[in-house]
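Undergrad: Sequence:
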Amino acid sequence: MNSKIDIQKLLAGDNLTLSKAITLVENQRSDHRLEALQLINSIYDKRKDALRIGITGIPGVGKSTFIEQLGKLLIGQGLKLAVLAVDPSSQQSGGSILGDKTRMEELSREKNAFIRPSPSSGTLGGVAARTRESMLLCEAAGFDVIIVETVGVGQSETEVINITDCFLMLAMPGTGDDLQGIKRGIMEAADIIVINKADGSNIEAARRAKKQLEMALHLFPKSSNGWDTKVLTGSGLHNEGVDQSWRVISDMIATLKANDHFNTRRQTQQVRAFQKLTELSIYENVLQMLGKNGDMESLKADIEARTKNEFAASLEIIQSLQNSISNSG
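Letter by letter, the sequence shown follows residues 22 to 350 in the working numbering.
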């Protein structure tokens, strides 16, 4: 093992070493990817199983405040908390949608908290693959609870469902019958929905939103895991209902462990992770090979010049790969 990461320091809970390890797994170079996979393989059986919670919600719903209050509650109970903020970087500007850890200023000062904003950088399967690896590193560093935060746009939230034990959606009441930021697919997948910002003039609207959501959820098929989605109200700003959210999360995990769906969910995630890791590795290695040969850029130029269409160019790549595989055999 030639990793530059000091494994003993990582296992001892050194946050600087953990940060370096996460930077390594986020790197897209194929030689770094191999090193990252070797690192994770070496610590896999030495880590502790943490509780993995996914939290999503549209910008402005109050995720940072809610997570900060929840984090302080957990640390107050003697738990170590890691927050991985998955940032689906802008495809147009490349810029960050999420801010940095100063959004959780109080929590970031806690010695038992680790906050890491991580870009997905638009890579194929990037959110699930890289974030799951980061979670495993956090478990190796001794964290008890890991929260994965997404901004609730694009596909990031649905990918996070597949790498966490509990998926919590934050929503806020809209006007009339409209609930802002609610997507049917996410509602069906959510284990817990919290109507946030249920304070001041929003209290009555939050109660209405809760009733509407509960009625809507009755129309969805029952979950096979024995857990019915719970709808709560709260206010991260005023630290109201956050403790109840944690109790419900704990109840859910206890329920899933009692009926063995917790282990089943983890096993399914492991198999899915294997498939994603393999697909991602093949994809990245093929891209690197094509880049070295200049084939990719040449075909892009042909498409732009309209001397080839995109299907002809793709077929050329496929045939080239098939020939390479046949010749290597």
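Just so you know, these hints were derived from the structure itself, not from any lab. Positions of the beta carbon are idealized from the N, C-alpha and C atoms, including for glycine. Incorrect hints may have been included.
Unchecked claim - No farther apart than 27 Å at their CA atoms in a straight line, the calculated lysine-lysine pairs in the DSS-like style are these:
1) K93 to K30
2) K231 to K243
3) K313 to K329
4) K313 to K297
5) K232 to K243
6) K321 to K251
7) K278 to K243
8) K67 to K25
9) K278 to K313
10) K251 to K232
11) K25 to K93
12) K297 to K329
13) K132 to K93
14) K297 to K93
15) K41 to K30
16) K297 to K69
17) K313 to K93
18) K41 to K93
19) K67 to K278
20) K132 to K67
21) K41 to K297
22) K329 to K278
23) K67 to K329
24) K232 to K25
Claimed, not checked - Quick list of the computed label-pair ranges, beta carbon to beta carbon:
25) S347 to T285: 22 to 32 Å
26) S40 to S63: 34 to 44 Å
27) L308 to H239: 27 to 37 Å
28) L32 to F241: 41 to 51 Å
29) P80 to Q296: 25 to 35 Å
Undergrad: Check whether the Cα positions of K41 and K93 lie no farther apart than 27 Å.
TA: holds (25 Å)
Undergrad: Measure nothing beyond the straight line between the CA atoms of K41 and K30; if it is 27 Å or shorter, mark the hint as holding.
TA: holds (11 Å)
Undergrad: If you draw a straight line from the CA of K231 to the CA of K243, is it 27 Å or shorter?
TA: Holds, at roughly 19 Å.
Undergrad: Could you tell me whether the CB distance from P80 to Q296 stays inside 25 to 35 Å?
TA: holds (31 Å)
Undergrad: Between the alpha carbons of K132 and K67, is the straight-line distance 27 Å or under?
TA: Given that 27 Å is the threshold and the Cα spacing comes to 22 Å, the pair holds.
Undergrad: Note whether the CB distance of L308 and H239 lies within 27 to 37 Å or breaks it.
TA: violated (47 Å)
Undergrad: Between K297 and K69, is the straight-line Cα distance small enough, at 27 Å or below?
TA: holds (23 Å)
Undergrad: Please work out if K297 and K93 have their alpha carbons no farther apart than 27 Å.
TA: violated (34 Å)
Undergrad: Given the proposed pairing of K313 with K329, does the C-alpha separation stay at or below 27 Å?
TA: Judged against 27 Å, a Cα distance of about 21 Å means the pair holds.
Undergrad: Just to be careful, I want the Cα atoms of K313 and K297 compared with a cutoff of 27 Å; is the pair within it?
TA: Between K313 and K297 the Cα gap is close to 24 Å, so the pair holds against 27 Å.
Undergrad: Indicate whether the distance between the beta carbons of S347 and T285 respects the range 22 to 32 Å.
TA: Roughly 40 Å apart at Cβ, these two residues miss the hinted range, so it is violated.
Undergrad: Tell me if the beta carbons of L32 and F241 are separated by a distance inside 41 to 51 Å.
TA: holds (43 Å)
The structure shown violates the earlier hints numbered 6, 9, 11, 12, 14, 17, 22, 23, 24, 25, 26 and 27.
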